[in-house]
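J.: Input sequences plus hints: build the corresponding full structure.
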Amino acid sequence: MRFTQLYTQKPNKRSGDTFILTIIKTIDYSMEDTEETLEQRMLTDTLGAFGDGTQADISAERGLLLLEGWLNALPGSIGIGRILSEIETLRDHLKTGEYDNELIRTLMLNMASHTLTISHEPMVDETNAHQLEQLANALRNFTNQID
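Mapping the sequence shown onto the working numbering, position 44 (from 1) lands on 44, and the numbers just tick up by one.
Bear in mind the hints are in silico, worked out from the structure with no lab data behind them.
Only true hints are included.
Label-pair restraints from in silico Cβ distances:
#1 D57 to M123: 28 to 38 Å
#2 L109 to G51: 16 to 26 Å
#3 V124 to D45: 16 to 26 Å
#4 D57 to K95: 17 to 27 Å
#5 A129 to L71: 21 to 31 Å
#6 L103 to R82: 10 to 20 Å
#7 M123 to Y99: 31 to 41 Å
#8 H120 to T54: 19 to 29 Å
#9 H130 to T96: 26 to 36 Å
#10 P122 to D147: 35 to 45 Å
#11 M123 to T96: 28 to 38 Å
#12 G81 to L109: 13 to 23 Å
#13 L84 to D45: 14 to 24 Å
#14 D52 to D125: 21 to 31 Å
Don't be surprised by glycine CBs; every beta carbon is placed ideally from N, CA and C.
T.: Right, dumping it as structure tokens:
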């Protein structure tokens, strides 16, 4: 956080280190609930990249970055094991540079199906559920563009 970095670079001895540390801790704690998780940022980024999936133009490099981001965001999340293997397989396939469009289509359709299933899990809040449904539709729509 910026305030922590500012403090470590230039402590304010006149107003007391304890007071400054208390303010920094208060800011950190008050922002905990408002900061986006990596999963939420990945969902936003992926929806931004795909839109509704019908007109998306995503390079293999951008796809790899998104897949790596999801692999970093998802470990440890409840109910996610079913989608991680598709993400890893697609990532590894794209890294080869030799693209099997049918495999890509199948993996993306599987990811769409798993994403829709996850959107209906009880631990997913309404906002995230809606975004996950959007993502599932975008992934399905995108597969129609794969030749």
